[in-house]
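> According to the numbering used here, the sequence shown is numbered sequentially starting from 1082.
Simulated from the structure, these hints should not be mistaken for lab results. A couple of the hints might just be wrong.
As the list claims (entries may be wrong) - The calculated lysine-lysine pairs, modelled on PhoX-like cross-linking and capped at a C-alpha distance of 25 Å, are:
#1 Lys1225 - Lys1199
#2 Lys1199 - Lys1138
#3 Lys1154 - Lys1215
#4 Lys1231 - Lys1208
#5 Lys1231 - Lys1201
#6 Lys1138 - Lys1216
#7 Lys1201 - Lys1138
#8 Lys1201 - Lys1225
#9 Lys1143 - Lys1201
#10 Lys1154 - Lys1201
#11 Lys1216 - Lys1231
#12 Lys1215 - Lys1138
#13 Lys1225 - Lys1215
#14 Lys1201 - Lys1215
#15 Lys1143 - Lys1208
#16 Lys1216 - Lys1154
#17 Lys1103 - Lys1154
#18 Lys1143 - Lys1154
#19 Lys1201 - Lys1216
#20 Lys1143 - Lys1225
#21 Lys1199 - Lys1216
#22 Lys1208 - Lys1154
#23 Lys1208 - Lys1138
#24 Lys1199 - Lys1103
#25 Lys1199 - Lys1143
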Amino acid sequence: MKTPIILILSSLIFSGCAGTIKQMEEDGARRTQEQSDAAERLRLSRQNGDTVTCLNKISCEKALILTNAFIQKNSDMRMQFSDSTTVSPFPINTATNNQYGYISMSAIKTPDAGETVKIKLVATCQKMNIECDKKLASIYDSFKPFVESKL
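Using the sequences and the hints, build the whole thing.
Have a look at this one:
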């Protein structure tokens, strides 16, 4: 009599474990897909929204000031350096990010043909994960429209 009860109980236990394993596999696959989707969105956001081009000295000065304001508003790290008169690789830079999930930013000012200048936003997150990818994509999506709408 004990054998059928043991068989029934062990069957129930193993079927419960199988369900748990299957659920874990499905959760892992879903997380992997979410990570892939977030990374792709970030890649597209960087590709489409990380650079502003200004055509003359006055608009470039204004674009750099707007970039500075954007970085101050959207970075989790404090502003470390900002100089709108220097043509250096990093005229705007926040403190280096050393905290999990915090966003730090810099802008790269690159002279182009004539008086044209390109300002490229660089945003980083110390430990890349889905949440960081989403934050960074949102920042890149809003940078170019923010600056261009005010030029």
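> Now, for every hint given, state plainly whether the structure supports it.
Consistency of the hints with the structure:
A hinted pair counts as satisfied when its Cα atoms are at most 25 Å apart, and Lys1225 with Lys1199 qualifies at roughly 12 Å. About 12 Å separates the Cα atoms of Lys1199 and Lys1138, which keeps this hinted pair within 25 Å; it holds. A hinted pair counts as satisfied when its Cα atoms are at most 25 Å apart, and Lys1154 with Lys1215 qualifies at roughly 17 Å. The hinted pair formed by Lys1231 and Lys1208 fails the criterion: a straight-line CA distance of about 33 Å is larger than 25 Å.
Distance restraint check for Lys1231 and Lys1201: the Cα-Cα separation of roughly 17 Å lies within the 25 Å cut-off, and the hinted pair is therefore satisfied. The straight-line distance between the Cα atoms of Lys1138 and Lys1216 is roughly 32 Å, outside the 25 Å bound, and the hint therefore fails. About 17 Å separates the Cα atoms of Lys1201 and Lys1138, which keeps this hinted pair within 25 Å; it holds. For the suggested pair Lys1201 and Lys1225, the alpha carbons sit about 10 Å apart, so the restraint of at most 25 Å is met.
For the suggested pair Lys1143 and Lys1201, the alpha carbons sit about 14 Å apart, so the restraint of at most 25 Å is met. Taking the CA atoms of Lys1154 and Lys1201, the gap is about 17 Å. The hint holds against a cut of 25 Å. Between the alpha carbons of Lys1216 and Lys1231 the distance comes to roughly 23 Å, so the proposed pair stays at or under 25 Å and holds. Taking the CA atoms of Lys1215 and Lys1138, the gap is about 34 Å. The hint is violated against a cut of 25 Å.
For the suggested pair Lys1225 and Lys1215, the alpha carbons sit about 17 Å apart, so the restraint of at most 25 Å is met. Only pairs whose Cα atoms come within 25 Å are accepted, and Lys1201 paired with Lys1215 is accepted, the gap being roughly 19 Å. Pair hint Lys1143 plus Lys1208 does not hold up; C-alpha atoms about 33 Å apart against a cutoff of 25 Å. About 13 Å separates the Cα atoms of Lys1216 and Lys1154, which keeps this hinted pair within 25 Å; it holds.
Only pairs whose Cα atoms come within 25 Å are accepted, and Lys1103 paired with Lys1154 is rejected, the gap being roughly 44 Å. The suggested pairing of Lys1143 with Lys1154 holds, with an alpha-carbon distance near 16 Å, which does not exceed 25 Å. Pair hint Lys1201 plus Lys1216 holds up; C-alpha atoms about 17 Å apart against a cutoff of 25 Å. For the proposed pair Lys1143 and Lys1225, the alpha carbon gap of about 13 Å is at most 25 Å, so the pair holds.
Restraint check: the Cα-Cα separation between Lys1199 and Lys1216 comes to about 23 Å, which is no more than 25 Å; the hinted pair holds. As the CA atoms of Lys1208 and Lys1154 are separated by approximately 21 Å, the hinted pair is consistent with the 25 Å bound. With a CA separation close to 37 Å, the supplied pair Lys1208 and Lys1138 exceeds the 25 Å bound. At most 25 Å may separate the alpha-carbon atoms for a hinted pair to count; Lys1199 and Lys1103 exceed this at roughly 51 Å.
A C-alpha spacing of about 13 Å is found between Lys1199 and Lys1143, which places the hinted pair at or below 25 Å, so the restraint holds.
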